[in-house]
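Chains as they are written, first to last, in the working numbering: chain G, 1 to 303; chain U, 1 to 303; chain Z, 1 to 243; chain P, 1 to 243.
It cannot be assumed that every hint is accurate.
[Said to hold, decoys possible] Straight-line alpha carbon distances no greater than 27 Å define the calculated DSSO-like cross-link-like pairs of lysine-lysine that follow: (1) U:K206 to P:K72; (2) P:K65 to U:K205; (3) G:K95 to G:K5.
[Claimed, not checked] So, partial list: chain Z residues that the calculated Cβ filter (under 7 Å) puts toward chain G: (4) L46; (5) E206; (6) F212; (7) A214; (8) C215.
[To be verified] Calculated Cβ distances over 12 Å to all of chain G for the following chain Z residues: (9) A9; (10) R16; (11) G25; (12) R56; (13) M81; (14) R126; (15) A148; (16) D173; (17) S178; (18) K190; (19) P197; (20) W243.
Bear in mind the hints are in silico, worked out from the structure with no lab data behind them.
Just so you know, these numbers come straight off a predicted model, no measurement behind them.
Where a beta carbon is used, it is the ideal one built from N, C-alpha and C, also for glycine.
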Amino acid sequence: MVDLKVTLCGIELDNPIIPASGTFGFGQDFAGLYDLNRLGSFSFKGTTLAPREGNPTPRIAECYAGMLNAVGLQNPGVHKVISEELPRIATFFSKPVMANVSGFAISEYVEVGRLLGAQEQVGGLEVNISCPNVHGGGMAFGTDAKAAAEVTGAVRKVTDKPLIIKLSPNVTDIVEVARACEDAGADGLSLINTLLGMRIDLKTKKPLLPFTTGGLSGPAVFPVALRMVYQVYEAVKIPLIGMGGVSSARDVIEMMLAGATAVQVGSANLINPFACPQIIDALPEVMDQYGITNLQEIIGGAH
Amino acid sequence: MVDLKVTLCGIELDNPIIPASGTFGFGQDFAGLYDLNRLGSFSFKGTTLAPREGNPTPRIAECYAGMLNAVGLQNPGVHKVISEELPRIATFFSKPVMANVSGFAISEYVEVGRLLGAQEQVGGLEVNISCPNVHGGGMAFGTDAKAAAEVTGAVRKVTDKPLIIKLSPNVTDIVEVARACEDAGADGLSLINTLLGMRIDLKTKKPLLPFTTGGLSGPAVFPVALRMVYQVYEAVKIPLIGMGGVSSARDVIEMMLAGATAVQVGSANLINPFACPQIIDALPEVMDQYGITNLQEIIGGAH
Amino acid sequence: MKQTTYVIAEHTKIARQTYFMRLSGDTSAFTQPGQFLNITLPGYYLRRPFSICDWRMGEADIIYKVLGEGTKDMTAFEAGMELDTLTGLGNGFDTSTSGESPLLIGGGVGVPPLLALCKELRAQGRQVKVALGFGSADEVFLADAFQALGAEVAVATMDGTAGIKGLVTDACDFKNCSQFYACGPTAMLKAICAVAPGPGQLSLEERMGCGFGACVGCTVFTTEGPLRVCKEGPVFKREVLGW
Amino acid sequence: MKQTTYVIAEHTKIARQTYFMRLSGDTSAFTQPGQFLNITLPGYYLRRPFSICDWRMGEADIIYKVLGEGTKDMTAFEAGMELDTLTGLGNGFDTSTSGESPLLIGGGVGVPPLLALCKELRAQGRQVKVALGFGSADEVFLADAFQALGAEVAVATMDGTAGIKGLVTDACDFKNCSQFYACGPTAMLKAICAVAPGPGQLSLEERMGCGFGACVGCTVFTTEGPLRVCKEGPVFKREVLGW
Ligand SMILES: Cc1cc2nc3c(=O)[nH]c(=O)nc-3n(C[C@H](O)[C@H](O)[C@H](O)COP(=O)(O)OP(=O)(O)OC[C@H]3O[C@@H](n4cnc5c(N)ncnc54)[C@H](O)[C@@H]3O)c2cc1C
Ligand SMILES: Cc1cc2nc3c(=O)[nH]c(=O)nc-3n(C[C@H](O)[C@H](O)[C@H](O)COP(=O)(O)OP(=O)(O)OC[C@H]3O[C@@H](n4cnc5c(N)ncnc54)[C@H](O)[C@@H]3O)c2cc1C
Ligand SMILES: Cc1cc2nc3c(=O)[nH]c(=O)nc-3n(C[C@H](O)[C@H](O)[C@H](O)COP(=O)(O)O)c2cc1C
Ligand SMILES: Cc1cc2nc3c(=O)[nH]c(=O)nc-3n(C[C@H](O)[C@H](O)[C@H](O)COP(=O)(O)O)c2cc1C
Ligand code: FES
Ligand code: FES
Chain G
1 MVDLKVTLCG IELDNPIIPA SGTFGFGQDF AGLYDLNRLG SFSFKGTTLA
51 PREGNPTPRI AECYAGMLNA VGLQNPGVHK VISEELPRIA TFFSKPVMAN
101 VSGFAISEYV EVGRLLGAQE QVGGLEVNIS CPNVHGGGMA FGTDAKAAAE
151 VTGAVRKVTD KPLIIKLSPN VTDIVEVARA CEDAGADGLS LINTLLGMRI
201 DLKTKKPLLP FTTGGLSGPA VFPVALRMVY QVYEAVKIPL IGMGGVSSAR
251 DVIEMMLAGA TAVQVGSANL INPFACPQII DALPEVMDQY GITNLQEIIG
301 GAH
Chain U
1 MVDLKVTLCG IELDNPIIPA SGTFGFGQDF AGLYDLNRLG SFSFKGTTLA
51 PREGNPTPRI AECYAGMLNA VGLQNPGVHK VISEELPRIA TFFSKPVMAN
101 VSGFAISEYV EVGRLLGAQE QVGGLEVNIS CPNVHGGGMA FGTDAKAAAE
151 VTGAVRKVTD KPLIIKLSPN VTDIVEVARA CEDAGADGLS LINTLLGMRI
201 DLKTKKPLLP FTTGGLSGPA VFPVALRMVY QVYEAVKIPL IGMGGVSSAR
251 DVIEMMLAGA TAVQVGSANL INPFACPQII DALPEVMDQY GITNLQEIIG
301 GAH
Chain Z
1 MKQTTYVIAE HTKIARQTYF MRLSGDTSAF TQPGQFLNIT LPGYYLRRPF
51 SICDWRMGEA DIIYKVLGEG TKDMTAFEAG MELDTLTGLG NGFDTSTSGE
101 SPLLIGGGVG VPPLLALCKE LRAQGRQVKV ALGFGSADEV FLADAFQALG
151 AEVAVATMDG TAGIKGLVTD ACDFKNCSQF YACGPTAMLK AICAVAPGPG
201 QLSLEERMGC GFGACVGCTV FTTEGPLRVC KEGPVFKREV LGW
Chain P
1 MKQTTYVIAE HTKIARQTYF MRLSGDTSAF TQPGQFLNIT LPGYYLRRPF
51 SICDWRMGEA DIIYKVLGEG TKDMTAFEAG MELDTLTGLG NGFDTSTSGE
101 SPLLIGGGVG VPPLLALCKE LRAQGRQVKV ALGFGSADEV FLADAFQALG
151 AEVAVATMDG TAGIKGLVTD ACDFKNCSQF YACGPTAMLK AICAVAPGPG
201 QLSLEERMGC GFGACVGCTV FTTEGPLRVC KEGPVFKREV LGW
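Turn these sequences into a full structure, and let the hints guide you.
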């Protein structure tokens, strides 16, 4: 018998698998496909203070072993998330959910964080300072250690829930940003968000996405994500949620060996709606194959 | 009839296709496979002052749509390159070759650049300030605008040959580094070198590569490379050599629309030794399909 | 929605760059004409969405046109090949509001989903008119099939090599039209709305990340706020679109 | 080196996790036993290198063991499938220095290239001894084939279920050995060099980027400086390795 349980910021998860924000909506489109309580948790769509319509289309471009998205944080706004989405989530998911907090100003992160942190269903806040698809915000906080620390410190003041900061990979030195967040009071770090990329439409000869660039995700980014998780693990004491291209039980184990306590699965959900339960089902056999009996014990094992 | 000619730093190339440094040795392993004079040019293996044995093995790891390498600048040293490799290149390649200048200190870049720049066969210097696989040098210059400018300025003083600086993608803001190199006297920029990545061996549970990380190349990095070429094109006036995951004639055209005057093909040579001539052969048909008659005219067309 | 492995049962070229493919497998997730499926092509990351042209128990038909690299690769797929597919996607056309004499308008690869729709409307005893637009005579497909269902078919081609010379709107007869159903490029749909008098349903296309509602990649901005083409659509009432 | 499309002509399991594959196609690039080919597997970026076990005009045989994901996928390949392959890679064994009574030493998946070598040495009239090492009886393969060539074969298994219990070195008889030829894991090759008296040739394995000399990914550090396993090797004289 293998043990899939891990403890993330004091919360015990039945397994380390968490669908990543933006690839799982508020769970409703998956709830009819399988029992979501099989998941460790899930992280819902990045939520801002006001509702947002997001970017014009096309918002999606295909890449080799991955995709670009430029959704632009379309979401119903924090008030509707609390009044409509959380009660609906309660109908199919009985575990603590991760709230992905997004924003354009520190005051917005604080307000959204305060509101979502106060909800009983919310197990932790995942503060997204790394969205590359919105102007004047998002990623700007994640690419500067000082700004990242400010957001962290400000949201820290308004919640006692586990505070997890989601880092951008579009930086020279992710360790610097990670340390700044830890020092400012973060309880954990999520990494990585998408890599800034683009495609050009050969027919129009112009950028395919309306604001030129988008965020690259999928298996293509896995080696970069793994490297960053490994580097950050050596620099901080708080737990890490590793993500970026994870598509199989083997990828999960690599991420955990690099230093991830839990692992998010993003784009894989989009091309295979059953990706998460399939990974959970495959874990025991793959663990067996590599002589692993307890997942919690392999965290950071590659160091 | 379509026209494949482009002019790079004053040198007319029959076509924009240039095998990338480190994936083509000194040409000798390809010379028996096809007539290398079909290429626009080629960039030979990164050359340092003293011979280097490179890193321990394994130096290669497979990734989704790409690979990691940690060769560590194995090369025979500039003196042997001049006394043995260049004369041998002359036996199968009659066009100007690009010399990839590597080093660990500014004085080394200067000396290697001076020696190679003085060779008649060398059409231009491509100064590699972005190798992620050597300690205490290489990429450190490419991730800091000031250091990048210093290397550029120093090599500028010792050569009249076209001076092309090869940039690292492992930065928050590649535009800043690009501008610094232009201001310091660069005639052109090559981008991108490899993205820092890693893999873990599930059998040993340790990093697969001996110094943990390696450089990610191949189709996986194409959207990131394209985005960087696009961004840098808007910021500088000097010509760009685009590379990163290019594997097809369509990729070449995307790169040129983003702003590349010439396009390097790296990893594709390794998995398909005939990649470059096949791309050159395919260009006219793909150009036709998208109504392009002259490649020089599409450079930067996506802006 | 269901994940199904289809086996290619038949694959034939039916017009210039246009192919018919019959897929064998579970079709129980399809409930409405106008729904679509989403196929994984070997070597590509994202799936490719195609409308079901028609389906019966154990078999679904699609018609596709070569547009880019993926559809070009598809032309080489041989009978017997297995395709990982998500089925029963989208809402489909609503036939309950069709009225007595609906008009079906299709342009290019927008034509296929109208076939199953036509069949259903005819089974309900409606008088169906069909207007089809193509570039040229060698691109025309399915016109006979609509005729065989007892619909009154008008064809328009851009170059006049078949039917009326002009756009599909030139082939549309809105007289007595109780409801129109349209599928084709956005520009065509907007042109139709500019001239069509009554109620109508429009099937939209958008680049998709998932095809089942998870990524909000395929949003269309409507009078009811942003909606997902893959989930609340692909078929929208014209008043919802505000077109 | 040549780029060749091979067609799988035969594919059978011959031992635990071990498969024999016969490939049809151009074999003209092979000149020496011990050379290898490099196969593109669908869905993987890098090629996979395998020694040729034996070859004749129009046919090359390989024997592979399931080691990771790629070789696991290979087990499902069916006869008739096409494989994009680089052929005639590496230097191969030098038989001109074998002497009268060479000893061939193979461990696990190091065994296959010794078969063609044995055939050639026998054709040259040599007295060939062969020592083969495996984990267990159910992993043993090719022992009969060497015997059929008239070689004197000794087998060692780690658990003693076939032949001698022990390492392949325990099965080696260096008496009268004019030259040894060895292929297997590096640890085995070093162990052999620690006990073997005379001249020998060793075939090495290394993770490869290209397999034809372009990337210097497969370097081995030798007394003659860094050499490429795929180009100057995979076979090296023991004195060159300094082992
Ligand atoms: C709901 C729906 C139903 C469709 N029904 C049909 C049909 O019945 N017959 C048919 O021929 N075509 C149909 N299409 C269009 C079809 O999906 C595209 O032609 C196809 O995806 C192009 O793939 P490609 O690899 O050849 O093109 P590429 O341009 O190489 O594809 C690159 C990416 O862009 C996407 N893409 C490109 N063009 C389109 C487009 N027009 N719409 C959506 N995504 C696109 C692809 O899916 C892929 O992710 C439909 C599209 C949608 C959204
Ligand atoms: C010159 C040469 C000859 C070989 N001959 C044979 C043979 O005749 N029969 C046989 O069964 N095996 C042989 N091997 C080993 C064989 O190449 C590997 O077992 C195979 O590549 C593993 O692929 P995988 O996808 O299953 O493993 P994975 O571990 O999933 O592969 C990941 C990557 O690592 C590489 N890799 C993994 N293990 C090895 C290894 N031991 N050597 C080289 N690359 C490796 C793969 O090529 C791939 O790039 C040979 C290797 C070399 C270098
Ligand atoms: C369509 C899409 C939408 C996303 N939206 C969000 C978001 O709202 N908030 C966020 O923090 N990350 C968002 N992400 C990033 C993912 O959560 C994840 O960090 C990234 O995609 C890398 O993981 P993957 O390669 O497994 O997809 C989004 C990703 C995709 C593909
Ligand atoms: C095996 C290998 C060795 C490389 N060595 C060098 C080098 O010596 N100097 C250099 O500037 N770039 C080197 N590079 C980087 C390539 O020139 C190129 O910038 C990078 O691989 C991206 O292009 P690609 O995706 O087409 O391979 C090397 C890349 C590979 C894969
Ligand atoms: S394509 Fe993902 S929500 Fe519609
Ligand atoms: S594998 Fe590339 S040089 Fe040997």
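These are the hints, each one checked on the structure:
1. For the given pair, K206 of chain U sits about 22 Å from K72 of chain P by alpha-carbon distance, which is consistent with the 27 Å threshold.
2. As the CA atoms of K65 of chain P and K205 of chain U are separated by approximately 22 Å, the hinted pair is consistent with the 27 Å bound.
3. Taken as a hint, the K95 of chain G and K5 of chain G pair is honoured in the structure, with Cα atoms around 14 Å apart against an allowance of 27 Å.
4. With a cut of 7 Å, the hint placing L46 of chain Z at the interface with chain G holds, because the nearest CB-to-CB distance is about 5 Å.
5. Below 7 Å, beta-carbon pairs count as interface contacts, and E206 of chain Z has one with chain G at about 5 Å; its hint therefore holds.
6. For F212 of chain Z, the interface hint holds, the least distance from its beta-carbon to any beta-carbon of chain G being 6 Å, beneath 7 Å.
7. The criterion of a C-beta within 7 Å of any C-beta in chain G is met by A214 of chain Z, whose closest approach is roughly 5 Å, and the hint holds.
8. Taking 7 Å as the C-beta contact cut-off toward chain G, the hint placing C215 of chain Z at the interface holds, the least distance being around 5 Å.
9. Non-interface call for A9 of chain Z relative to chain G: holds, since the shortest CB-CB distance, roughly 24 Å, exceeds 12 Å.
10. Every beta carbon of chain G lies more than 12 Å from that of R16 of chain Z, the smallest distance being close to 18 Å; the non-interface claim holds.
11. With a least beta-carbon separation of about 17 Å from chain G, G25 of chain Z lies farther than 12 Å from that chain, consistent with its non-interface assignment.
12. With a minimum CB-CB distance of about 25 Å to chain G, R56 of chain Z clears the 12 Å threshold, and the non-interface call stands.
13. Look at M81 of chain Z: its CB is around 19 Å from the nearest CB on chain G, clear of 12 Å, so calling it non-interface holds up.
14. Here R126 of chain Z stays apart from chain G, with its beta-carbon at least about 33 Å from theirs, past the 12 Å limit.
15. Here A148 of chain Z stays apart from chain G, with its beta-carbon at least about 36 Å from theirs, past the 12 Å limit.
16. Even its closest Cβ contact with chain G, about 32 Å, leaves D173 of chain Z beyond 12 Å, as expected for a residue assigned away from the interface.
17. Listed as a non-interface residue, S178 of chain Z keeps its Cβ farther than 12 Å from every Cβ of chain G; the least gap is roughly 32 Å.
18. The Cβ of K190 of chain Z sits about 15 Å from the closest Cβ of chain G, beyond the 12 Å cut-off, so the non-interface label holds.
19. No beta-carbon of chain G is positioned within 12 Å of the beta-carbon of P197 of chain Z; the least distance is around 29 Å.
20. Distance to chain G confirms W243 of chain Z as a non-interface residue, since its nearest Cβ pair spans about 16 Å, more than 12 Å.
The structure agrees with every numbered hint stated previously.
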